[in-house]
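Just so you know, the sequences run in chain order A, B, C and D. Residue numbers for the first sequence follow UniProt numbering, beginning at 1 and rising by one. Residue numbers for the second sequence follow UniProt numbering, beginning at 1 and rising by one. Residue numbers for the third sequence follow UniProt numbering, beginning at 1 and rising by one. Residue numbers for the fourth sequence follow UniProt numbering, beginning at 1 and rising by one.
Just so you know, these hints were derived from the structure itself, not from any lab. Any given hint could turn out to be false.
Unchecked claim - If you want the footprint, here are the derived chain B segments under chain C, 3+ residues with CB under 8 Å:
{"hint": "1", "stretch": "70-84"}
{"hint": "2", "stretch": "144-152"}
{"hint": "3", "stretch": "157-171"}
Using N, Cα and C, we set each Cβ at its ideal position, and we do this for glycine too.
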Amino acid sequence: MTWTAEDIQHWLKQFADQIHEHKDELTDLDQKIGDGDHGINMARGVKEMNKLFDEKTFATPGELFKAVAMVYIGKIGGASGPLYGSAMMKMASSAGTQETLSDKELIDALKAGKTAIEQRGKASVGEKTMVDVWVPLLQKFDGSDVDWNAFSDEADELKAKTKEMHAKKGRAAYLGARSVGHIDPGSASSALFFQTLAATARERG
Amino acid sequence: MTWTAEDIQHWLKQFADQIHEHKDELTDLDQKIGDGDHGINMARGVKEMNKLFDEKTFATPGELFKAVAMVYIGKIGGASGPLYGSAMMKMASSAGTQETLSDKELIDALKAGKTAIEQRGKASVGEKTMVDVWVPLLQKFDGSDVDWNAFSDEADELKAKTKEMHAKKGRAAYLGARSVGHIDPGSASSALFFQTLAATARERG
Amino acid sequence: MKKLMNDVDQIVDEMLNGMVAAHPQALKRVDGTTVVVRKDAPVNGKVGVVSGGGSGHEPAHGGFVGKGMLDGAIAGEVFTSPTPDQVFEAIKAVDGGAGVLLVIKNYTGDVMNFEMAGEMAEAEGISVKQVVVNDDVAVEDSSFTSGRRGIAGTIFVHKIAGAAAEDGKSLDEVQQIAEGVIKNVKSMGMSLHPCTVPAAGKPGFELDDNEMEIGTGIHGEPGTERTALKPAKEIAQILFDKIHEDMKLESGEEIAVMINGLGATPLMELYVMNHTVADILKQHGLHVTETIVGEYMTSLEMAGASLSILRLDETRKKYLAAEADTTAFKR
Amino acid sequence: MKKLMNDVDQIVDEMLNGMVAAHPQALKRVDGTTVVVRKDAPVNGKVGVVSGGGSGHEPAHGGFVGKGMLDGAIAGEVFTSPTPDQVFEAIKAVDGGAGVLLVIKNYTGDVMNFEMAGEMAEAEGISVKQVVVNDDVAVEDSSFTSGRRGIAGTIFVHKIAGAAAEDGKSLDEVQQIAEGVIKNVKSMGMSLHPCTVPAAGKPGFELDDNEMEIGTGIHGEPGTERTALKPAKEIAQILFDKIHEDMKLESGEEIAVMINGLGATPLMELYVMNHTVADILKQHGLHVTETIVGEYMTSLEMAGASLSILRLDETRKKYLAAEADTTAFKR
Ligand SMILES: Nc1ncnc2c1ncn2[C@@H]1O[C@H](COP(=O)(O)OP(=O)(O)O)[C@@H](O)[C@H]1O
Ligand SMILES: Nc1ncnc2c1ncn2[C@@H]1O[C@H](COP(=O)(O)OP(=O)(O)O)[C@@H](O)[C@H]1O
Ligand SMILES: [Mg+2]
Ligand SMILES: [Mg+2]
Ligand SMILES: [Mg+2]
Ligand SMILES: [Mg+2]
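Generate the whole structure from the sequences, applying the supplied hints.
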């Protein structure tokens with residue numbers, strides 16, 4: 001499909017809905033192996049994003065990503081704030097001033113976001129962080145002729161896989177072996193991020 | 001009967017046994033309407049008294065009362081320490097240097113002790129304190145031809161009567177009407193004090 | 001019962017050792033007693049100020065020993081008044097020839113034990129005066145009862161009497177200044193969670209998740225009333241109203257305020273309380289010259305707080321602001 | 001959940017208001033932010049020292065703002081690192097022309113957010129350096145992970161870096177002195193009771209009556225190990241051994257010690273711990289120059305304690321003893 005700023009806004013609003021719906025679940029996951037605020041942090045961020053959407057309309061996806069990046073950076077806090085925020089910021093650069101994005105261009109933007117997360121967080125695949133969703137997912141789907149159902153399923157599976165990982169980065173790392181057996185909260189919110197993207201693509205594509 | 005220092009020691013050892021046996025019960029009563037230490041305080045005091053008995057023998061009841069008074073004052077603490085201690089101190093004065101005491105003389109000594117409690121604590125009958133056992137009990141029994149069974153029962157009844165009283169003195173007074181419905185802990189320990197006295201009299205008299 | 005402790009019977013002794021070990025330049029124990037005094041006690045020619053009570057109220061009372069506050073503090077067993085011999089030891093250790101003031105919290109046991117100690121000291125020729133703090137407005141003030149309890153407002157008495165003594169005031173003057181504080185300080189507390197006396201091993205009362213106690217003292221006892229859990233705003237209003245009813249504060253008056261935690265209350269919550277209290281005081285046109293927020297007069301690990309208000313005059317204001325160098329209170 | 005609070009969403013804001021209302025002569029808020037700075041900030045020509053993190057650690061970090069310690073502190077949401085814009089506001093508010101040192105506790109979130117703020121400040125021409133505190137020996141020190149957490153040892157960094165800045169040291173020098181503290185301070189904590197993040201409404205984990213967590217951090221998380229409840233002596237030994245294993249303390253060395261309560265630990269228990277710890281340190285022939293006992297780096301209403309040991313040299317000793325006038329730490 002061809003993604004306008006409005007399509008992207010639709011996606012991110014769905015993401016916000018899902019965050020609100022899974023807020024307690026994300027917080028519970030973070031209580032198990034972190035500090036119990038991930039759902040709260042993300043909910044604060046997407047609530048502020050929705051306010052922004054109510055107040056402003058955006059001409060281009062790039063403009064939208066940039067505004068959302070500022071909200072995430074300024075409102076989420078914790079580890080997830082700078083990570084999601086930096087990702088959005090780099091997605092904005094990648095999207096540039098184009099009025100619309102093809103699937104390929106959107107996936108390229110997400111790849112730029114992925115790189116930002118890797119750089120900010122200095123985590124690699126297998127360390128039980130959101131990187132474990134972002135990196136393999138965007139490796140598998142390069143944007144040409146995306147099967148959005150498969151994309152969505154893959155995000156879900158990648159999230160589930162973090163359960164058996166032994167955390168090496170983020171707060172869960174402090175628990176050592178006790179981190180095994182719980183899904184990483186940031187991977188769970190990232191799965192929602194990609195699944196709402198896929199849902200929008202299916203709905204509008 | 002004729003009370004030697006050894007008889008009195010026998011009584012107070014029984015009192016100590018009873019305090020130890022009812023320690024938790026006394027503390028529970030004090031948790032309800034006080035600060036939850038009465039059993040602990042009394043147990044500390046009688047434990048120290050038993051040590052004294054192991055180390056020293058006493059020629060006269062007066063000598064014994066005085067030594068016990070010092071232990072109670074120095075070891076029990078709280079409100080009950082100075083009260084039991086002052087009582088014992090005045091009992092020592094009343095007993096003087098006599099080698100033995102008659103029932104009447106012992107009851108007179110206890111009456112002197114009662115007065116000491118009234119003076120130290122400035123409480124009157126009906127205010128839900130140990131005064132509610134000491135005063136009416138020693139009013140009823142003047143020492144001539146004591147019926148020790150009746151004496152013991154009366155002590156128990158007087159203790160039970162404090163349950164319905166609204167406290168005006170001691171910590172229970174801070175609870176106001178909420179103090180009603182619970183037996184006064186100091187009255188409960190005082191009942192043990194008089195009941196072990198009666199038991200000794202029955203056993204040896 | 002979960003506590004960081006070793007032997008229940010040694011808890012007071014180990015605490016005092018730990019306190020003196022932490023502050024060897026400031027404090028010393030009087031050997032064989034549960035008394036802690038200023039390192040430089042007795043201070044020659046200065047009125048000695050002594051306080052104390054049961055343990056479990058830390059930092060009260062040992063934490064307030066030092067220049068400008070207490071000369072000595074006696075620690076009884078947990079929540080149990082110390083015995084007269086211990087109080088007497090404290091009096092002897094701090095008497096610098098100008099006499100000693102005993103600051104007693106109004107509990108039957110404390111009053112009797114301190115009084116007996118005072119009698120012992122007088123018999124040895126040491127001048128002793130006493131004041132009895134009864135700031136807790138939760139309790140009815142009646143001549144038919146033993147009256148009101150002494151709670152967190154006692155810290156103001158320690159601070160101001162201590163500063164007056166440091167300033168060279170005579171025993172009579174220090175006593176009079178302390179009496180002035182007592183007449184003008186009122187407090188009221190509440191609790192969210194009970195506490196457990198170590199030797200008792202179980203909590204003094206039970207509260208449901210949606211309940212709190214209003215009018216709680218500092219000995220783990222239930223309060224005067226049990227109510228539903230309320231927001232900080234309403235709690236602060238209840239505490240203030242009861243104090244105000246008694247003090248009849250007037251717009252424009254200068255006051256000092258203490259928000260005291262009962263032992264397990266996070267400072268975050270105490271500051272939220274102060275935010276709310278400050279609002280109420282402003283509405284009443286009161287000028288707050290000094291605000292003290294923290295855990296000063298506690299009740300083991302009880303959660304909750306008390307509010308104290310001290311009406312100021314020039315003397316109290318001056319001595320409240322004066323230097324104090326103790327381990328728990330510095331100015 | 002039982003807390004003295006009003007609106008969960010306003011808890012940090014109300015706390016900061018309550019803090020500034022209590023200490024209007026010492027502190028001020030930067031309008032529209034969650035930043036608290038010294039009343040006299042920025043201090044011309046002095047290096048500014050800034051720290052902060054999630055809320056719920058009170059008195060950290062606002063309680064350490066004042067002469068001789070921090071110039072400013074940023075409060076995030078409860079247990080959530082503050083955002084870069086807030087940190088940037090703090091940097092701007094305290095920069096007196098000599099640059100600003102950021103004291104960051106080693107959590108991914110804190111490091112990223114403070115770093116981003118530092119980048120923003122550098123872009124505006126303010127010199128910013130940072131140090132990252134990682135004193136918690138409970139966590140494995142590995143180059144494959146994000147490393148150890150920053151916990152109570154951070155207070156020593158605040159104190160010593162703050163004193164160095166007050167003494168007129170340059171930004172590079174203050175940073176170097178702070179690095180020296182970080183290399184030489186190790187801590188380890190344990191907990192008896194969990195805590196509840198206000199917005200989460202339920203405790204972070206559950207413990208039985210006979211269980212405790214060893215190796216607990218300061219964010220209400222479980223520790224590295226769950227064990228049976230032990231006496232204070234054994235707990236102190238576990239904490240000390242783990243620290244000693246890392247620091248390899250030698251007989252005759254001079255150290256400073258902190259026994260830090262996690263928020264709901266009565267001072268009585270902390271002093272009992274200190275009694276026990278002092279014994280162990282003596283056995284190892286260590287000279288304790290300074291002991292700090294109290295609640296300094298907390299985790300809401302968590303019960304438990306941490307032990308921190310700082311190896312001293314002349315510089316650290318001097319700056320640790322130097323004057324500090326903050327609301328929670330005075331020297
Ligand atoms: N170094 C890192 N790189 C990538 N992601 C990380 C890193 N550290 C943490 N995360 C992600 O952030 C999530 C936690 O976010 P959140 O709970 O909001 O922040 P905090 O850990 O500061 O409380 C983790 O579940 C993990 O997915
Ligand atoms: N003024 C008083 N006169 C007589 N007895 C009193 C008085 N005050 C308290 N008591 C007695 O002391 C008992 C409490 O003793 P205890 O618990 O050992 O001391 P505390 O109240 O100091 O904790 C009460 O149950 C009551 O019988
Ligand atoms: Mg988290
Ligand atoms: Mg009692
Ligand atoms: Mg008592
Ligand atoms: Mg967090």
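Now for the hints, and whether the structure bears them out:
With 11 residues bearing a CB less than 8 Å from a CB of chain C, the stretch 70-84 of chain B meets the requirement of three and the coverage assertion stands. With 0 residues bearing a CB less than 8 Å from a CB of chain C, the stretch 144-152 of chain B misses the requirement of three and the coverage assertion fails. With a cut-off of 8 Å between beta carbons, the stretch 157-171 of chain B has 4 residues touching chain C; three or more are needed, and the interface restraint holds.
In this structure, only the earlier hint numbered 2 is contradicted, and the remaining ones agree with it.
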